[in-house]
Amino acid sequence: MKRTIVNPHWINNARTVISADFQYEDGRVLTATISESETTNPDLIEIKQKFTDQQLEENTQRKIRQLADQRSKDKEQKEAQALRKQQEELFAAKLKIFEIDSIKNSQNRSMKSRIRKSKSDVEAMAWAAVLMLEEANKEVAEQQESTPGE
Amino acid sequence: MIVRNGFLIVASLTEEYVQTANFCANSIKDNYPDAHITLFTTDSFLPLVDRQAFDLVISEDVPNHVRTKLYALSKTPYTNLTAYIDADMECMHTDVSTIWDQIPEDVDILITKIRPYNGKISKWKNGELIHHGGFFLYRNNPKTIDFMDRWWKDYFIQRKEPWPYEEHECPSSLQQWDQFTFWKLLNVDKLDVRVDFFEDDARWNFVNGYKKSETSSPIIFWHHTVPSKHIHIGLGNEDARNQSKE
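As they're listed, the protein sequences go chains A and B.
Residues 95 to 244 (this note's numbering) make up the first sequence, in order.
Residues 2 to 247 (this note's numbering) make up the second sequence, in order.
No lab work stands behind these hints, which were simulated from the structure alone.
Quantities reported herein were computed from a predicted structural model and do not represent experimental measurements.
Treat the hints with care, as some may be off.
[What the hints assert, rightly or not] Lysine to aspartate or glutamate pairs mimicking EDC-like chemistry, simulated, CA-CA at most 20 Å apart:
| # | chain 1 | residue 1 | chain 2 | residue 2 |
| --- | --- | --- | --- | --- |
| 1 | B | Lys212 | A | Glu182 |
| 2 | A | Lys179 | B | Glu215 |
| 3 | A | Lys188 | B | Asp51 |
| 4 | B | Lys126 | B | Asp190 |
| 5 | B | Lys213 | A | Glu182 |
| 6 | B | Lys213 | A | Glu183 |
| 7 | A | Lys142 | A | Asp115 |
| 8 | B | Lys212 | A | Glu170 |
| 9 | A | Lys198 | B | Glu16 |
[What the hints assert, rightly or not] If we take Cβ atoms under 8 Å as the criterion, some of the chain B residues that face chain A in the derived model are:
| # | residue |
| --- | --- |
| 10 | Gln20 |
| 11 | Phe24 |
| 12 | Ser28 |
| 13 | Gly210 |
| 14 | Tyr211 |
| 15 | Lys212 |
Where a beta carbon is used, it is the ideal one built from N, C-alpha and C, also for glycine.
Please construct the entire structure, taking both the sequences and the accompanying hints into account.
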């Protein structure tokens, strides 16, 4: 069956192993990996007849660039997902903190701002604890003030 | 009291949106204490509203709809510029105070771009959604206010009426999106408003899921996604009312 060799390129730094796609008329695409030591391999012979060393090197450089681009995209995608997860967890934690009555009803705007601006859930919780303590102390002080002295 | 410029936030459908609206408004005040902020919400949610966070709260006649936002836009209390901001956004930088300087004189609506890699739908045979409806700045002039009014009315019809387009021409999955109405008003009805994009737009509306490389400057608004976002997207007014009773 008639076939076309697509994008043969070296896959090792020593330039001794070639990979290429063989596209057949029925639509199949087979990827073959061939070592230069297989001197009687018909696939290798055909590649060497149809492609110059320069073409093989250009294909190799293009493949290296494609792989680097793909790796970079994958890395960026993973980073975006991680950032998304981290930000959503932090936002959810902050919203939960502001559901606590003593924090929600507190008039201490600067402390509430610290909670909102926290860069991690631990930091947000720490500021929340400080504010809750302040509010509790205030409540005790108010109770003492309203209780007649002995 | 006449206020020239201010922020407009809308909270409807669920308590979650009131909570995020409270957080959003407070985060703006943290970074821009002089900001004037208006909330549109329904009477039922008033007890949940943080009065410290808002300078004006409007609830009279406000419908509990999946896009109460569109209802509110033409009713802005601001005489010059309004910054509409989704309730699930968070202000993170003091540069927010420069927002009123961002819009060129000849522009009516300044908006941010949709990133197709981060959106649900963006392109179909005859068009493409490129305007992100979650954050924009607009002028209080007759043609822009008329545009906002049409946006609400046409979206309402879009949701109520059977989808009038052939599926292969314009997929029915677009029916739920107010960005489609926005696109229609600009490209089919050809309303006379000038729309442009924020410079370095990602820092003004950094939507959850965007790549870090979208901006090299500090992010001003982070656009979160609350868990119930889009759950109610299928609701019209009646359904929304019933849903809120459940």
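We went through each hint and held it up to the structure:
1. Under the criterion of a C-alpha separation no larger than 20 Å, the hint pairing Lys212 (chain B) with Glu182 (chain A) is consistent with the structure, at around 15 Å.
2. Note on Lys179 (chain A) and Glu215 (chain B): the hinted pairing holds, with a Cα-Cα distance of about 18 Å set against a maximum of 20 Å.
3. Restraint check for Lys188 (chain A) and Asp51 (chain B): satisfied, since their Cα atoms lie roughly 15 Å apart, inside the 20 Å limit.
4. A hinted pair counts as satisfied when its Cα atoms are at most 20 Å apart, and Lys126 (chain B) with Asp190 (chain B) qualifies at roughly 18 Å.
5. For the proposed pair Lys213 (chain B) and Glu182 (chain A), the alpha carbon gap of about 15 Å is at most 20 Å, so the pair holds.
6. For the hint pairing Lys213 (chain B) with Glu183 (chain A), the CA-to-CA distance comes to about 18 Å; that is within 20 Å, so the pair holds.
7. A threshold of 20 Å between alpha carbons decides the hint, and for Lys142 (chain A) with Asp115 (chain A) the separation of about 14 Å falls inside it, so the pair holds.
8. For the suggested pair Lys212 (chain B) and Glu170 (chain A), the alpha carbons sit about 7 Å apart, so the restraint of at most 20 Å is met.
9. Between Lys198 (chain A) and Glu16 (chain B), the direct Cα distance comes to roughly 15 Å. Compliance with the 20 Å bound is thereby established for this hinted pair.
10. Hint status for Gln20 (chain B): holds, given a least beta-carbon distance of 6 Å to chain A, under 8 Å.
11. With a cut of 8 Å, the hint placing Phe24 (chain B) at the interface with chain A holds, because the nearest CB-to-CB distance is about 6 Å.
12. Interface restraint check: Ser28 (chain B) against chain A, minimum CB-CB distance 5 Å, threshold 8 Å, status holds.
13. At a threshold of 8 Å, the smallest CB-CB gap from Gly210 (chain B) to chain A is about 5 Å, leaving the interface hint in force.
14. Interface hint at Tyr211 (chain B): satisfied, since its Cβ lies 7 Å from the closest Cβ of chain A, which is below the 8 Å cut-off.
15. Contact between Lys212 (chain B) and chain A, as hinted, is supported at the beta carbon level, the nearest pair being about 5 Å apart and thus within 8 Å.
In this structure, none of the earlier numbered hints is contradicted; all agree with it.
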